[in-house]
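Asker: Chains A and B, in that order, are what the protein sequence lines are.
Residue numbering for the first sequence follows this note's numbering, starting at 73 and increasing by one per position.
Residue numbering for the second sequence follows this note's numbering, starting at 10 and increasing by one per position.
Don't take each hint at face value.
Said to hold, decoys possible - Computed list of lysine-lysine pairs in DSS-like fashion (alpha-carbon distance at most 25 Å, straight line): (1) A/K102 x B/K308; (2) B/K288 x B/K43; (3) B/K125 x B/K64; (4) A/K85 x A/K161; (5) B/K64 x A/K161; (6) A/K102 x B/K64; (7) B/K243 x B/K139; (8) B/K125 x B/K350; (9) B/K125 x B/K288; (10) B/K125 x B/K43; (11) B/K310 x A/K102; (12) B/K106 x B/K125.
As the list claims (entries may be wrong) - Not everything, but these chain B residues come out facing chain A in the computed CB check (under 10 Å): (13) P142; (14) V143; (15) R197; (16) N245.
If you're looking for bench data, these hints aren't it; they were derived computationally from the structure.
Positions of the beta carbon are idealized from the N, C-alpha and C atoms, including for glycine.
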Amino acid sequence: MAKITYLAHDGSKFEVDAENGSTVMENAIKNAVPGIEAECGGACACATCHVYVDDAWAEKTGAPEAMEEDMLDFAYDVQPTSRLSCQIKVTDELDGLVVRVPERQA
Amino acid sequence: MTENSSPVETDVVIVGAGPVGLFAVFELGLLDLKCHLIDILDRAGGQCAELYPEKPIYDIPAWPEISGQGLTDRLMEQIAPFDPVFHFNRMVAAVEKQEDGSFIVTTDEDEKIHAKVVVIAAGGGSFQPKRPPVPGIEAYEDQSVFYSVRRMEEFRGHDILIVGGGDSALDWTLSLQPIANSVTLLHRRDAFRAAPDSVNKMKALVENGEMSLQLGQVTGLNGDDGQVTSANIKTNEGELTQIACTRVLPFFGLTMKLGPIADWGLNLEENLIPVDTEKFATSEPGIYAIGDINTYPGKLKLILSGFHEAALMAHAAKKHIAPDERIVFQYTTSSTSLQKKLGV
Ligand SMILES: Cc1cc2nc3c(=O)[nH]c(=O)nc-3n(C[C@H](O)[C@H](O)[C@H](O)COP(=O)(O)OP(=O)(O)OC[C@H]3O[C@@H](n4cnc5c(N)ncnc54)[C@H](O)[C@@H]3O)c2cc1C
Ligand code: FES
Numbered sequence: 073m074a075k076i077t078y079l080a081h082d083g084s085k086f087e088v089d090a091e092n093g094s095t096v097m098e099n100a101i102k103n104a105v106p107g108i109e110a111e112c113g114g115a116c117a118c119a120t121c122h123v124y125v126d127d128a129w130a131e132k133t134g135a136p137e138a139m140e141e142d143m144l145d146f147a148y149d150v151q152p153t154s155r156l157s158c159q160i161k162v163t164d165e166l167d168g169l170v171v172r173v174p175e176r177q178a
Numbered sequence: 010m011t012e013n014s015s016p017v018e019t020d021v022v023i024v025g026a027g028p029v030g031l032f033a034v035f036e037l038g039l040l041d042l043k044c045h046l047i048d049i050l051d052r053a054g055g056q057c058a059e060l061y062p063e064k065p066i067y068d069i070p071a072w073p074e075i076s077g078q079g080l081t082d083r084l085m086e087q088i089a090p091f092d093p094v095f096h097f098n099r100m101v102a103a104v105e106k107q108e109d110g111s112f113i114v115t116t117d118e119d120e121k122i123h124a125k126v127v128v129i130a131a132g133g134g135s136f137q138p139k140r141p142p143v144p145g146i147e148a149y150e151d152q153s154v155f156y157s158v159r160r161m162e163e164f165r166g167h168d169i170l171i172v173g174g175g176d177s178a179l180d181w182t183l184s185l186q187p188i189a190n191s192v193t194l195l196h197r198r199d200a201f202r203a204a205p206d207s208v209n210k211m212k213a214l215v216e217n218g219e220m221s222l223q224l225g226q227v228t229g230l231n232g233d234d235g236q237v238t239s240a241n242i243k244t245n246e247g248e249l250t251q252i253a254c255t256r257v258l259p260f261f262g263l264t265m266k267l268g269p270i271a272d273w274g275l276n277l278e279e280n281l282i283p284v285d286t287e288k289f290a291t292s293e294p295g296i297y298a299i300g301d302i303n304t305y306p307g308k309l310k311l312i313l314s315g316f317h318e319a320a321l322m323a324h325a326a327k328k329h330i331a332p333d334e335r336i337v338f339q340y341t342t343s344s345t346s347l348q349k350k351l352g353v
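The task is simple: from the sequences and hints, build the whole structure.
Answerer: Printed below as a string of structure tokens:
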């Protein structure tokens with residue numbers, strides 16, 4: 073279990089208890105976090121689940137793999153800590169994770 | 010093909026060469042119906058080939074694990090005995106019913122195919138270029154911002170900004186560079202998804218000062234009356250700059266849009282085609298819809314459901330075409346006549 077905080081673009085805040093093994097995207101959809109679209113359902117094929125990982129957490133979530141990096145080319149305003157949230161798996165390690173939702177998805 | 014040349018003749022036109030359209034060739038072929046398939050993509054496989062060629066699918070019966078491309082390749086092998094004719098890079102623009110109940114199907118290149126039956130296996134719609142998330146870009150589309158190159162001449166002498174890092178971006182960079190006034194390739198990072206050979210060629214041009222490569226992202230466009238004059242760029246260092254350009258070609262991948270199907274006079278429900286579950290017939294006799302594009306109570310957008318739909322549709326289509334012919338139900342395992350058709 074990990075607590076994840078989503079900061080939506082309009083400033084609203086969503087705190088969610090996420091199960092290990094689920095993805096950061098799935099928990100956003102389940103809790104209707106605005107701004108995460110996830111059109112492809114988590115297949116790393118749409119880039120509409122883009123988030124910015126809070127700087128303090130960027131090292132723990134790690135860097136995107138090659139395929140995810142390729143998909144990020146299609147996202148809007150990609151920043152150094154950009155990730156596709158469907159590619160971040162929840163673990164105990166990530167308890168307290170904070171991610172920001174970008175202004176818009178691709 | 011010219012206006013007055015007579016159309017190609019076939020039994021069935023299948024709109025869409027995704028997995029379900031492909032398998033329909035098999036089921037229709039067993040009933041001696043010849044198929045032409047039309048797809049806007051440059052190859053078969055639909056979503057499986059375009060969106061997830063390398064990802065595993067786990068719910069194809071008897072294939073514990075198979076990739077999107079693997080499934081497509083197997084289907085192509087399975088339907089090869091029926092010699093389907095493929096028309097790639099073509100959008101089906103119109104389907105018109107003739108007096109005798111047959112159809113003339115017209116592509117966006119004005120090719121015409123005359124068919125007895127039309128099967129719509131159009132999935133989530135036709136694949137079309139994605140509009141990049143640049144505010145206000147709509148105002149420039151088709152005037153100075155293009156998502157594909159239809160006529161290279163329209164780019165001659167222009168200052169062209171190409172955005173993206175895949176094969177389309179690299180290929181057009183190389184093709185347009187000789188005729189452009191200037192070419193700038195803008196990509197988010199110094200790694201490309203394109204063929205290494207194209208990347209090397211592009212880098213050589215950059216070294217010779219014949220084009221420029223910039224790393225960064227477009228944040229906005231400037232111009233008047235649909236004519237772009239420059240693009241605002243955020244570099245990877247966070248700096249804001251501008252690139253002067255009179256043509257912009259962004260390549261941001263593909264997305265599925267219903268497209269012209271909406272104009273064919275069929276009943277639609279939220280961009281899906283309602284069908285019955287006996288024949289998978291649409292509101293128009295002789296037009297059937299299978300796979301992700303259709304809807305009925307209990308519909309699941311699964312490949313295996315699409316395969317089932319293809320089998321039942323094929324029998325209904327055969328009855329529609331040859332109402333007096335008796336269809337004998339046979340197994341491929343034991344029927345010598347089916348085996349002859351399969352060439353086994
Ligand atoms: C990431 C991902 C994972 C998936 N995983 C699974 C899975 O594990 N199991 C499963 O069963 N399903 C899965 N699916 C769903 C599956 O891919 C679809 O159900 C299947 O592709 C539908 O096949 P189809 O032939 O109906 O349509 P599509 O595959 O969508 O093909 C339709 C084709 O028609 C073309 N077309 C449409 N309109 C026109 C037109 N007017 N002119 C020309 N061409 C046109 C399109 O370009 C497209 O190529 C997945 C989908 C995605 C995106
Ligand atoms: S949900 Fe499509 S890439 Fe993450």
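Asker: Taking the hints in turn, state whether each one holds.
Answerer: Now for the hints, and whether the structure bears them out:
1. A/K102 x B/K308: 23 Å, holds
2. B/K288 x B/K43: 19 Å, holds
3. B/K125 x B/K64: 37 Å, violated
4. A/K85 x A/K161: 21 Å, holds
5. B/K64 x A/K161: The given pair, whose Cα atoms are some 18 Å apart, holds under the 25 Å limit.
6. A/K102 x B/K64: 24 Å, holds
7. B/K243 x B/K139: 21 Å, holds
8. B/K125 x B/K350: Satisfied, since the Cα-Cα distance of roughly 21 Å is no more than 25 Å.
9. B/K125 x B/K288: With Cα atoms ~16 Å apart, B/K125 and B/K288 stay inside 25 Å; holds.
10. B/K125 x B/K43: At roughly 10 Å apart (the allowed maximum being 25 Å), B/K43 and B/K125 satisfy the hint.
11. B/K310 x A/K102: 21 Å, holds
12. B/K106 x B/K125: Holds, because 10 Å separates the two Cα atoms, which is no more than 25 Å.
13. P142: 4 Å, holds
14. V143: 8 Å, holds
15. R197: Holds - the Cβ of B/R197 comes within 10 Å of chain A, reaching about 5 Å at its closest.
16. N245: Given a least distance of 9 Å, the restraint on B/N245 holds.
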